[in-house]
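Could you build the full structure based on these sequences and the hints that come with them?
Protein chains: 2
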Amino acid sequence: MAMSDQNSLAPTLMGTCTEGESAQPPKFSQTLQTNTAMAASADGTGPPDLERQVPATGTSQWVLDAPEPPGLWREIADSLRDIALPHGKRSQSVKNTHSLGRVGSVLKGAFPVLKWCQEYKAAQFKNDLMAGLTLASLCIPQSIGYATLAKLDPEYGLYTSVVPPLIYAVMGTSKEIAIGPVAVVSMLTSSMLQKIVDPAADPTAYRKLVLTTTFFAGVFQAVFGLFRLGFLVDFLSHAAMVGFMAAAAIVIGLQQLKGLLGISHFTNKTDVISVMEAVWRSVPKSWNPLTFMLGCAFLSFILITRFLGRKSKKLFWLAALAPLISVVLATLIVFLTRADTRGVKIIKHIKRGLNPSSIHELQFCHPIVGDAAKAGLVIAVIALTEAIAVGRSFASLKGYRLDGNKEMVAMGFMNIVGSFSSCYTATGSFSRTAVNFSAGCESPLSNVVMAIAVLVTLELLTRLLYFTPLAILASIILAALPGLIDLNEAYRIWRTDKLDFLACAGAFAGVLFASVEVGLLVAIAISFARIMLVSIRPGIEILGRLPGTDTFRNIEQYPMATRIPGVLIISVKSSVLCFANANFISQRIMGSILAGEEEAGSVGDVRSNQLVILDMSNLVSIDTSAMHSLEELAKNLISCGVELAVANPKWQVLHKLRVSNLTSKIGGRLFLTVKEALDSFLTTKLAPL
Amino acid sequence: MAMSDQNSLAPTLMGTCTEGESAQPPKFSQTLQTNTAMAASADGTGPPDLERQVPATGTSQWVLDAPEPPGLWREIADSLRDIALPHGKRSQSVKNTHSLGRVGSVLKGAFPVLKWCQEYKAAQFKNDLMAGLTLASLCIPQSIGYATLAKLDPEYGLYTSVVPPLIYAVMGTSKEIAIGPVAVVSMLTSSMLQKIVDPAADPTAYRKLVLTTTFFAGVFQAVFGLFRLGFLVDFLSHAAMVGFMAAAAIVIGLQQLKGLLGISHFTNKTDVISVMEAVWRSVPKSWNPLTFMLGCAFLSFILITRFLGRKSKKLFWLAALAPLISVVLATLIVFLTRADTRGVKIIKHIKRGLNPSSIHELQFCHPIVGDAAKAGLVIAVIALTEAIAVGRSFASLKGYRLDGNKEMVAMGFMNIVGSFSSCYTATGSFSRTAVNFSAGCESPLSNVVMAIAVLVTLELLTRLLYFTPLAILASIILAALPGLIDLNEAYRIWRTDKLDFLACAGAFAGVLFASVEVGLLVAIAISFARIMLVSIRPGIEILGRLPGTDTFRNIEQYPMATRIPGVLIISVKSSVLCFANANFISQRIMGSILAGEEEAGSVGDVRSNQLVILDMSNLVSIDTSAMHSLEELAKNLISCGVELAVANPKWQVLHKLRVSNLTSKIGGRLFLTVKEALDSFLTTKLAPL
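Just so you know, the sequences run in chain order A and B.
So for the first sequence, the UniProt record's numbering puts the first residue at 1; every next one is plus one.
So for the second sequence, the UniProt record's numbering puts the first residue at 1; every next one is plus one.
Do not take every clue at face value.
Heads up, the list lumps identical chains together, so a pair's fine if it works in one copy or across two of them.
In silico PhoX-like pairs for lysine-lysine, Cα to Cα no more than 25 Å straight-line [claimed, not checked]:
1) Lys635 - Lys398
2) Lys374 - Lys313
3) Lys108 - Lys121
4) Lys313 - Lys108
5) Lys108 - Lys314
6) Lys208 - Lys126
7) Lys126 - Lys269
8) Lys635 - Lys685
9) Lys314 - Lys398
10) Lys269 - Lys685
11) Lys351 - Lys208
12) Lys311 - Lys685
13) Lys314 - Lys345
14) Lys108 - Lys374
15) Lys314 - Lys406
16) Lys685 - Lys208
17) Lys374 - Lys208
Hints in this document: simulated from the structure, not taken from any laboratory.
As C-alpha cells, then:
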C-alpha cells in the first residue's frame with residue numbers, strides 16, 4: 001500500500017528512464033553516508049574522480065558531465081564580439097559574395113541613401129515635397145525660437161536646420177525623423193554652458209563653447225555607433241526619460257515666461273524655484289501687457305488649430321501651418337502698429353546668408369575642452385535617446401526596423417559637420433517628426449526639401465523677420481511643449497512598476513528642483529539600485545506540483561499546486577546567490593525545516609521533511625561566500641537528518657559547484673529537474689521495502 | 001507523413017491534456033490575427049477581459065489565472081516581517097505554552113547560560129578548567145601585546161580579557177569562541193583613531209576616544225542583533241574578508257618590526273610603503289641587536305613548538321604554553337642580565353588591580369562623537385565578521401547551529417559593558433578559539449575560567465611583568481599572524497570565481513597600500529559591481545530538447561540537446577530584463593531570426609524559424625523599458641512572419657505583462673513550460689492538414 005501511495009507522486013515520466021536503470025535505483029542513504037565520510041576525511045580535497053563515483057541516473061549524469069563553461073576571459077571576448085558583430089552569420093555571408101559586391105554592400109550600409117534612391121519613384125517625390133514644405137513652415141519659427149532658448153543669435157537655429165538634415169538624409173535609416181534643433185537639447189545647451197561662460201557678457205566665447213560642445217556631442221554619438229555601444233544610451237531608462245522630458249518641458253515653459261511677459265531681467269538658473277522667484281520679482285516692475293496679450297492670442301490660436309487638426313484630418317494642414325501664419329500675422333501687426341516703440345520686443349536683425357564656416361571657432365584649450373566634453377556627453381546621450389525613441393516608434397508604425405547603431409553614426413556625423421558650419425546640436429524632433437509623418441513623407445528627402453526651404457529663407461527672407469515679436473517665438477515654443485509631457489505614460493508606469501515610477505519621479509523632481517545633471521544622476525542611481533535590490537532580494541519560494549503534471553511551480557502563484565509530504569522544494573527569489581543574501585536565505589531554509597519539524601511534532605513523524613530540493617533554475621550566479629553558506633546548509637541539514645538535492649543548476653553555477661567540490665559534499669545529488677530529484681529520492685525510500 | 005513527422009517532436013506529455021482539449025486544439029494563426037487587430041485598434045487599452053477571450057489549454061490558463069502577486073508595499077512589509085521573525089511559526093508555538101513557560105523560554109533565549117547550565121555535569125568542568133587555564137596562558141601575553149598594538153597601556157588588554165568573556169559566557173551561544181582583544185581589531189582601533197587624537201601627545205584623550213568608540217561598536221552590534229540586521233554584516237563578502245585579513249596581518253606584522261628591532265621613532269601610518277620607509281630610515285640609526293636577537297629567538301621557539309604541536313597531539317600543550325614560557329624565560333633573562341640597561345625595551349609598570357570604572361570617560365560632545373561612531377561602525381562590522389566566521393566554523397565542526405543574531409546581541413552587550421569598565425573592543429579570536437577547541441572545552445565556562453585567571457594576574461602578578469621585554473610581545477603577535485593569511489583559500493577563490501578574487505585582491509591591495517577604509521570600500525564596490533554586471537549581462541542562450549525527455553536546456557551546456565527545426569527557443573542569460581539590456585537582447589533575438597532566414601535561403605523554407613519561444617524561467621524582474629522592447633520585438637517578429645510565445649513567466653513578471661497588456665499584444669501566448677508552448681504551436685500547424 002505504502003509503495004503504491006508513494007509511487008503515485010511520480011506517475012508519468014518514469015517511462016523515460018531505460019528499463020535497466022529503473023530496475024537498479026541509486027541508493028542515496030548509502031551514498032550519502034560514504035560521501036559524507038569521504039568529504040569529512042578529505043576535508044574538501046577528495047580525489048578528482050569523486051563525482052564520477054556517485055551513481056546517478058542517465059539524465060542527472062548529463063548534469064555532471066556538462067563541458068566546462070567558457071572562462072571569464074572568453075566570456076568577455078565573446079561579449080565584445082557580440083557587441084561588434086551582433087549577427088553572428090553576417091561576416092560569413094559577406095565573404096561569400098565577390099569583392100565588388102562587398103564594397104557595394106558596405107557603401108549601402110554606410111549610406112542608406114544609395115539603397116532607397118534606386119527604388120525611389122517620381123510619385124513619391126510629390127509627397128516628400130509637400131511634407132518638406134510643411135516641415136519648413138513649422139521649422140523656421142521653431143528654429144529661431146530654440147536658438148533664443150539656447151541663448152544664441154536667431155540665425156544659428158536656422159543654420160542648424162540646414163546642414164544636419166542634409167547629412168542625415170544621406171546617412172540616416174529613418175524615413176520620418178525630422179532633423180533640426182529641438183527644445184530639450186537647446187535648453188540643455190544653455191543650462192549647462194551658461195555656468196561656464198555667460199552668454200550675456202561674452203556672446204562670442206559662449207558661441208565658441210557651444211560649437212565645441214556640439215563637436216564633442218557628435219564625436220560621442222559617432223563613437224557610440226561605430227563601436228556599437230548603443231547600450232550606453234539605454235542606460236537612461238524609459239521611465240527616467242518620461243520624467244526627464246516632462247520636467248524639461250516645464251522648465252522650458254517657465255523660461256518662456258520671460259518672452260511672453262516681455263520681462264527684461266531674468267534668472268539664468270533653470271530650477272523651478274529660482275525661475276518662479278524671478279518671475280515674481282520682475283512682473284510688477286517690467287512686464288509688458290501688450291506683449292503678453294499678443295503672445296497669449298497667438299498661443300491660443302496655435303493650440304486651437306492643433307485641437308481642430310486632431311479632430312479632423314482636413315484641418316491638419318491648418319495646424320501644421322499655424323505657427324508660420326502666427327509669425328506672419330504677428331510680424332505684420334507689429335510692423336503696421338509699430339508696437340515695438342511701445343515696449344514689444346522684436347527679433348530685429350537676423351544675419352543674412354548661408355552657414356559660415358566655424359572650424360576656426362572650435363576650441364581645444366585646457367579649461368574649456370573638459371567642460372565641453374562633459375556637456376557634450378550629456379547632450380549626446382539625451383539627443384540620441386530622443387531621436388531613437390522617435391525614430392523607433394514611427395518605424396514600428398510603418399513596420400520596418402531602425403538600426404540603432406547606424407542612426408547613432410548618422411547623428412554623430414551630422415553634428416560633427418554641423419559644428420564645422422555654425423550649427424549647434426541637432427537631433428530628431430518629436431513634434432516635427434509627427435508632422436512629417438502626418439504630411440505623408442515617403443523618404444528622408446522631405447528633410448532635404450526642408451533644408452533647401454530654410455536655406456532660401458536665410459538667403460532672401462531674413463529681413464522680413466525684423467519685426468517678428470519675441471512673444472510669438474515664446475508662444476510657438478510653449479505650444480510644442482505639451483507633447484513632451486506624457487501623463488498617460490507616467491500613469492501606466494505607476495500602475496505597472498512602482499520602482500520604475502520612482503526613477504521617473506526622481507528624474508522629474510531632480511530636473512525641476514535642482515538641475516538637469518542632478519535629475520539624470522538621480523534617475524540612473526534609482527534605476528541601478530532597483531536592479532541591485534531585485535537581484536539580491538533575500539527570500540525563498542516554496543514550490544508544489546501542478547496537478548496532473550510533472551511541473552513544479554510557486555505555490556502562491558499557482559494555488560492549485562500541491563506540496564509533496566516530507567519534501568521541501570525551494571527556489572530562491574533572487575537570481576544571484578551571493579555574500580549579501582546567501583546566509584539569510586540558508587537561515588530561511590533552515591527555519592522552514594525546523595518549523596516543519598515543530599509542526600510535525602517529532603523528527604520521525606511522516607510529515608517532517610526528509611528532503612530539501614533546491615531548484616536553481618533562476619540562479620545566474622553564485623559566489624564563494626554563497627558556496628560556503630550552501631556547504632554549511634548541507635551540513636546543518638544532514639545533522640537534522642534531511643538530505644539536500646540540487647535541481648537544474650545553470651552552466652556557470654554548476655561549474656562553480658564542481659570546482660569547489662560542493663557537488664561531492666552534497667553527495668552528488670545534482671539533477672536535471674525537480675521531478676528527477678524527487679523520483680530519485682522516492683525510489684531510494686522504496687527500495688528497502 | 002508530414003503529420004507523423006511533426007508529431008514525433010511532441011511525443012510524451014500529450015497524454016497529460018484531457019481528451020477533449022487535444023481534440024479541439026487552439027488555432028493560433030486565427031487568434032493571432034484577431035488579437036493583433038484588436039491590439040492595433042485599441043492601442044494597448046483593450047477591454048479588461050481581453051485575456052480571457054484568448055483560448056488556452058488548461059495548464060496555460062493557469063498561467064493567466066494566477067492571482068495578483070503582493071504589491072510593493074506588502075512585499076516590503078513581508079520582508080521586514082521575515083527579518084524580524086525568520087521562523088514563521090515561532091510566535092505561534094510560543095503562544096501555545098502557558099505564560100510562565102513563555103517567560104522561561106524568552107529568558108532562555110536571551111541567556112543561553114540558563115539552558116546549558118541545567119545540563120552541565122561535573123565531569124565537563126574538568127575539561128573546561130583545563131581549557132580555560134590553557135587559554136589564559138595564551139591570552140595574558142597576547143592581551144598585553146594587542147594593547148600596545150592598539151596604542152593603549154598594557155593593562156587595558158588584560159581588562160579586555162576579564163569583563164567581555166564573562167558577559168559572553170552568559171549571553172553567547174557558541175561553546176568554543178575565546179573572547180578578548182584580537183590583533184585585527186586592535187590594529188583597526190589605532191589606525192583609525194590615531195588620526196583624530198595622537199596617542200603619544202595626549203594618551204588620556206586617546207583612551208577616552210577608544211572607550212567611546214568601543215561603546216558605539218557595542219551599540220551597533222547590539223542593534224544589528226536586536227533588529228535582526230545580521231545581513232548587514234554579510235555585506236563584507238567572504239572573498240573580501242580573506243583579502244582584508246591577509247593585508248591586515250601583513251600591516252600588523254610590519255608594525256611589529258618596531259618592537260622586534262627596538263626602534264624608538266616610527267611612523268603612525270599603516271600602509272606598507274610608509275612603514276617600510278620608516279624601517280629603512282630608522283634601522284641604521286637606532287636598532288638594537290640584542291632586542292632583535294631576543295625577539296627572533298623566542299619567535300622561532302613559538303613557531304617551532306607550534307609546528308611540533310601540529311605534528312603530534314601530545315605536544316599540543318607545549319605549543320599552547322609556548323607564549324607563556326617565552327614571556328617567563330625572556331623576563332627572567334632580562335631581569336638576570338639587566339639587559340634593559342643595554343637598550344632592550346621593557347614593559348615596566350603595569351597598573352595593578354581590577355578594571356576601574358570608565359563610564360565617566362565616555363565622551364559624547366560634538367566633534368568626537370561623529371568620529372567615534374564612524375570608527376565604531378567599521379570596528380563593529382569587522383569584529384562581528386571575524387567572531388561569527390570563527391564561531392560558525394567551529395559550531396559546524398561540532399554539529400550545532402550558531403544563531404547569528406543572538407551572537408551579535410551578546411557581542412554588543414559585552415562591548416557596551418566593556419566600555420563602562422575600561423575595556424576596548426573584544427571579539428572572538430581565531431587563534432585562541434582554535435586552542436580552546438583543541439584543549440577540549442565543553443561550554444562557555446572556559447571563558448569564565450580564563451577571565452578569573454586574568455583577574456588573578458591583574459591583582460597579584462603585574463609586578464612580575466616589569467622586566468618583560470617588548471620584543472617578546474612583538475614575537476607573540478607575529479606568531480599569531482600566519483593564521484590570518486589563508487593562501488589556500490585565496491587560491492580556491494581564484495580557481496572558483498575570478499571576479500570574487502578581484503574583490504579579494506582589491507581589499508588586500510587597498511588595506512596594504514592605502515588604508516583600512518579604502519580597502520573595505522574597494523572590496524564592497526567590486527562585490528556590488530559584480531552583482532550588477534551579472535544581473536544585467538546582455539546575452540541569450542539557445543535551448544534544445546534533451547533526447548528522450550521534455551526538458552529544454554542550453555545547447556552549449558548539454559551538447560546532447562537538439563534544436564527543434566523551425567522553432568527558436570531562447571532564454572535570457574541575465575535575470576533582470578531592464579533598460580540596460582532589453583534593447584540589446586531583443587536585437588540579438590532579431591539577429592538570430594534574420595541569420596536563420598539567411599541560412600535557410602527564403603522565408604518559406606521549412607528551416608526558417610516560425611516560432612520564437614522565450615523561456616522566462618530565470619527572469620526575476622522586468623521594467624517598463626524592457627516591456628517596450630518586448631512589444632517592439634513582438635511587432636518586428638510578426639512583420640517577419642514569426643510568432644512569439646512566452647514560457648513560465650514568474651509571478652511578478654507575469655503580473656507586469658498582464659498590467660501592461662503585453663499578454664494580449666503577443667496574442668495571449670503564455671505557457672507553463674517550453675514544452676507546452678511547442679506542443680500548442682505544433683498542434684496549430686497540424687490542425688489544417
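Structure-based check of all given hints:
1. Lys635 - Lys398: Classified as between; 11 Å across copies, 61 Å inside a copy.
2. Lys374 - Lys313: neither (44 Å within a copy, 67 Å between copies)
3. Lys108 - Lys121: within (19 Å within a copy, 90 Å between copies)
4. Lys313 - Lys108: Intra 37 Å, inter 81 Å, cutoff 25 Å: neither.
5. Lys108 - Lys314: neither (38 Å within a copy, 84 Å between copies)
6. Lys208 - Lys126: neither (40 Å within a copy, 88 Å between copies)
7. Lys126 - Lys269: neither (46 Å within a copy, 79 Å between copies)
8. Lys635 - Lys685: within (21 Å within a copy, 52 Å between copies)
9. Lys314 - Lys398: Result: close within a single copy only, 22 Å intra versus 86 Å inter.
10. Lys269 - Lys685: Neither. Shortest intra-copy (75 Å) and inter-copy (63 Å) distances fail the 25 Å Cα cut-off.
11. Lys351 - Lys208: For Lys351 and Lys208, the Cα distance is within 25 Å only inside one copy (17 Å; across copies 74 Å).
12. Lys311 - Lys685: neither (74 Å within a copy, 44 Å between copies)
13. Lys314 - Lys345: Classified as neither; 35 Å inside a copy, 102 Å across copies.
14. Lys108 - Lys374: neither (33 Å within a copy, 62 Å between copies)
15. Lys314 - Lys406: Close neither inside one copy (36 Å) nor across copies (77 Å); limit 25 Å.
16. Lys685 - Lys208: Result: close neither inside a copy nor across copies, 82 Å intra and 64 Å inter.
17. Lys374 - Lys208: The answer is within: 15 Å in one copy meets 25 Å, while 48 Å across copies does not.
Taken one by one, the earlier hints fail for this structure at numbers 2, 4, 5, 6, 7, 10, 12, 13, 14, 15 and 16, listed in ascending order.
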